[in-house]
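Kindly produce the complete structure, drawing on both the sequences and the hints.
For the record, the sequence lines run as chains A and B.
For the record, in the first sequence the residue sitting at position 35 is 35 according to the UniProt record's numbering, with numbers rising by one throughout.
For the record, in the second sequence the residue sitting at position 128 is 128 according to the UniProt record's numbering, with numbers rising by one throughout.
Think of the hints as simulated: they come from the structure by calculation, not from any bench.
Honestly, I wouldn't trust all of these hints.
[Unchecked claim] Distance condition first, Cα-Cα at most 27 angstroms in a straight line; then the derived DSS-like pairs of lysine-lysine:
#1 B:31 - A:42
#2 B:84 - A:42
#3 B:147 - B:77
#4 B:77 - A:2
Since the structure is predicted, the reported quantities are computational estimates derived from the model, not experimental observations.
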Amino acid sequence: MKLLVNGEAHEVAANTLAELLAALDYEGDWLATAVNSDLVHKANRAEFRLSDGDRIEILSPMQGG
Amino acid sequence: MFELFGTSLPSRLLLGTAQYPSPAILADAVKASGTSVVTVSLRREMAGGRAGEKFWSLIRALGTRILPNTAGCHSVKEAVTTAKMAREVFGTSWIKLEVIGNQDTLQPDVFGLVEAARILCEDGFTVFPYTTDDLVVAERLLEAGCKVLMPWCAPIGSALGPVNIMALRSMRGHFPDVPLIVDAGLGRPSHAATVMELGFDAVLLNTAVARAADPVGMARAFGKAVEAGREAYSSGMLEPRDVAVPSTPTIGRAVFS
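The structure is reproduced here in structure tokens:
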């Protein structure tokens, strides 16, 4: 499946958001995810099914003013 | 002590966590400032979670309250989604809401700000809106559900200090019971003292400390200035006069001629 993850094109064999995170080696309780500009709660990642062309944002804590 | 949403904050200084020379200096500056609230952000994680983890561990160890921001968002949708993501990661419903409207001045898009504030307040967020010193916008933000206002005093990172004292004074006068925090534009401790003397409840700053030659020393200096300004405001300052008034009693003065 072709996905856009944090602005970069990826070809990944993952059906759900949780599988995508595992496939790209993301781990940790401090990650927040959004698909096509909407938040996907951590608890819903395992059921959240991805579609070709989805835009995924994976964010984590960073310095801010 | 500063009461904000049922929380007693020992300090009236809120400090940003960006642009410090090193994580150790950031931690020391936070301690030296005496702040009890630090601002943080969310950015794309490119290292599988490891980059965010390091920073998040450092922040948690500081033991302060966290105020996440929506910095860099230019639309209502971006800001709302970022706020929701921040709530999940940081475990707080406090959000410093930024909807940027102009790239040169980084001034807020106040129309988008009011719209985003309404959506987030209805969703249970405690919204700290980064706004201008415009009274009408301030009214709209309060109507939208905000219980605190954060006007700029100059563009973000400019270090200009309060460029429109009259507008800030007017804001304080119009909203005597709303917590007002000056956010953005402070460059020197004297700027912070000035806005605190006007009766503002607190200040939020970042660049002036982080980019100082000695961020830890500057953090301490800002902490003192904020305290001094607040105490001066509470103690009732003299109004300026156009004529001299002798401070030494004139009665009983010796006459030599």
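- [ ] Take a quick look at whether residue 77 (chain B) and residue 2 (chain A) sit within 27 angstroms of each other, Cα to Cα.
- [x] Since the Cα atoms of residue 77 (chain B) and residue 2 (chain A) sit roughly 24 angstroms apart, the hinted pair holds (cutoff 27 angstroms).
TODO: Decide if the proposed pair is consistent with the structure: residue 31 (chain B) and residue 42 (chain A), CA atoms, cutoff 27 angstroms inclusive.
DONE: Distance of about 33 angstroms is beyond 27 angstroms: violated.
Open item on the list: Checking one constraint from the list: CA of residue 84 (chain B) to CA of residue 42 (chain A), max 27 angstroms. Satisfied?
Closed with: 12 angstroms, holds
Open item on the list: Checking one constraint from the list: CA of residue 147 (chain B) to CA of residue 77 (chain B), max 27 angstroms. Satisfied?
Closed with: 22 angstroms, holds
This entry does not satisfy hint 1, going by the numbered hints stated previously; all others are met.
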